[in-house]
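Top line first, the protein sequences correspond to chains A and B. Under the numbering used here, the first residue of the first sequence is numbered 1, with each subsequent residue one higher. Under the numbering used here, the first residue of the second sequence is numbered 1, with each subsequent residue one higher.
It cannot be assumed that every hint is accurate.
Claimed, not checked - Cut-off 25 angstroms, straight-line C-alpha distance, at most; resulting in silico cross-link-like pairs (SDA-like, lysine to any residue): (1) A:K57 / B:Q100; (2) A:K65 / B:D84; (3) B:K42 / B:S95; (4) A:K57 / B:D84.
What the hints assert, rightly or not - Now the in silico label distances, taken between C-beta atoms and shown as ranges: (5) B:Q58 / A:K17: 45 to 53 angstroms; (6) B:Q45 / A:E70: 23 to 31 angstroms; (7) B:S52 / A:R44: 19 to 27 angstroms.
Said to hold, decoys possible - Covered by chain A, according to a simulated footprint, are these stretches of chain B (three or more residues, beta-carbon under 8 angstroms): (8) 38–45; (9) 104–113.
Calculated from the structure, these hints are not laboratory results. In this text, a Cβ means the ideal position worked out from N, Cα and C, and glycines have one as well.
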Amino acid sequence: EAQVTQNPRYLITVTGKKLTVTCSQNMNHEYMSWYRQDPGLGLRQIYYSMNVEVTDKGDVPEGYKVSRKEKRNFPLILESPSPNQTSLYFCASSSPFQETQYFGPGTRLLVL
Amino acid sequence: GESVGLHLPTLSVQEGDNSIINCAYSNSASDYFIWYKQESGKGPQFIIDIRSNMDKRQGQRVTVLLNKTVKHLSLQIAATQPGDSAVYFCAVLPSNTGNQFYFGTGTSLTVIP
Chain A
1 EAQVTQNPRY LITVTGKKLT VTCSQNMNHE YMSWYRQDPG LGLRQIYYSM
51 NVEVTDKGDV PEGYKVSRKE KRNFPLILES PSPNQTSLYF CASSSPFQET
101 QYFGPGTRLL VL
Chain B
1 GESVGLHLPT LSVQEGDNSI INCAYSNSAS DYFIWYKQES GKGPQFIIDI
51 RSNMDKRQGQ RVTVLLNKTV KHLSLQIAAT QPGDSAVYFC AVLPSNTGNQ
101 FYFGTGTSLT VIP
């Protein structure tokens with residue numbers, strides 16, 4: 001089954017404790033992206049990657065890091081999480097010839 | 001950049017009626033548009049898309065209309081069913097901002113049986 005998977009689905013952590021949210025897709029897509037979704041603000045792009053070793057900042061990259069060492073994986077790293085990063089995070093992927101993005105199920109993060 | 005807005009945060013319709021959800025955008029260079037459906041606890045799910053060289057596209061029970069003159073698009077759902085209850089939002093891809101999508105905040109559709 002074609003899908004985008006994210007882990008963990010739910011995470012509670014404390015300020016300053018580094019964490020990684022994994023994202024993996026099995027559709028051989030070149031393009032992958034991370035979004036955060038907050039009430040009243042819609043989805044906002046954090047980072048995106050056009051291909052392996054190619055990443056770019058989206059609208060809200062501050063406090064986040066990403067890496068793209070393999071085509072299928074695109075982890076999101078919070079080196080020192082803060083409460084304002086409490087949010088619902090989505091990973092998405094698409095092929096370059098079909099811009100439709102396929103989203104993962106989401107990761108709900110609470111930073112205390 | 002791009003600014004995307006939806007006209008109504010919530011919409012309630014009777015089962016069997018047609019639903020219309022609207023979206024406005026600001027960047028005249030936007031040339032690809034997608035409507036997503038997001039059910040509670042799930043990720044956004046693709047419904048239908050349209051490119052700027054078209055003004056109408058139909059799918060199964062859904063139609064997207066694009067008016068580039070006023071920078072407005074709409075999603076029409078025919079014979080709305082309880083399973084259509086969800087948040088719907090549009091995504092806009094300008095041709096002049098790299099591969100960056102911009103999303104509306106969403107309209108929560110409630111179907112009354």
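Hint check results:
no. : hint                              : in the structure
1   : A:K57 / B:Q100                    : 9 angstroms, holds
2   : A:K65 / B:D84                     : 36 angstroms, violated
3   : B:K42 / B:S95                     : 29 angstroms, violated
4   : A:K57 / B:D84                     : 34 angstroms, violated
5   : B:Q58 / A:K17: 45 to 53 angstroms : 50 angstroms, holds
6   : B:Q45 / A:E70: 23 to 31 angstroms : 26 angstroms, holds
7   : B:S52 / A:R44: 19 to 27 angstroms : 23 angstroms, holds
8   : 38–45                             : holds (count 5)
9   : 104–113                           : holds (count 3)
The earlier numbered hints that this structure contradicts are 2, 3, 4.
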